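Residue numbers for the sequence shown, in UniProt numbering: 1 to 184.
Keep in mind the hints are simulated off the structure, nothing from the lab.
Being a predicted model, the structure only gives us computed values, none of them experimental.
Treat the hints with care, as some may be off.
[Unchecked claim] List time: in silico SDA-like cross-link candidates among lysine to any residue, alpha-carbon distance up to 20 Å:
#1 Lys54 / Glu64
#2 Lys172 / Val124
#3 Lys172 / Val154
#4 Lys54 / Thr161
#5 Lys172 / Asp75
#6 Lys54 / Glu129
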Amino acid sequence: MWTKSIRRSSEMSTWRGYRATAVGVDPRLGQVNRFRARNTSEATLRSEPHLVWKVLTDPDLLPELTPYLKRIEVDGDRWTWHLTRIPVMSATITPTFTEVMTFEEPTRIVFAHDAERTDERTGVEGHYELTPDGTGTHVAIDLEIWCDLPLPRVSRIAVETVMSGVVAAMGKRFASNMLRHLGE
């Protein structure tokens, strides 16, 4: 059973000092602000660690299991994630973002946004931890999604609430699809 904790940056404000941040002017969008949502979740699966690892590191399989994910392009350790249109308040975004992926087989997958991709307005930071648990695998996920949007900072709570809801729904559906794929 997956347990989830979704936090908006307002809930983390005393923890990390997060709040919607003015990130400048985008020539296409005008003034943009950065909004964040964080997903922490964990579960103990019946599947062996190498089987879970295989699913989480397969860029062809992940779009089949993940809502809104169209495809992943792989160029070495850089994975570019292409998502479908996602509604966020009065905006609709179609995120594409590049992550530097670090694979510490068979226990850890780290996501870090590619700092060279300053043109991208969405990114993810975080990791998956896989720990053997009897004949199964304990999976812990901690991911923070950020998005630069042409919305005012005053809309932070509403925007991050919507973002958290989308992230939670994506995570729940991904977990269900992965469990079905693993035969659990």
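For each hint, the structure was consulted:
1. Lys54 / Glu64: holds, 14 Å
2. Lys172 / Val124: Roughly 18 Å between the alpha carbons, so the hint for Lys172 and Val124 holds.
3. Lys172 / Val154: Measuring from Cα to Cα gives roughly 29 Å; hence the hint is violated.
4. Lys54 / Thr161: At roughly 32 Å apart (the allowed maximum being 20 Å), Thr161 and Lys54 break the hint.
5. Lys172 / Asp75: violated, 28 Å
6. Lys54 / Glu129: holds, 14 Å
When the structure is compared with the earlier hints, violations turn up for hints 3, 4 and 5 and for no others.
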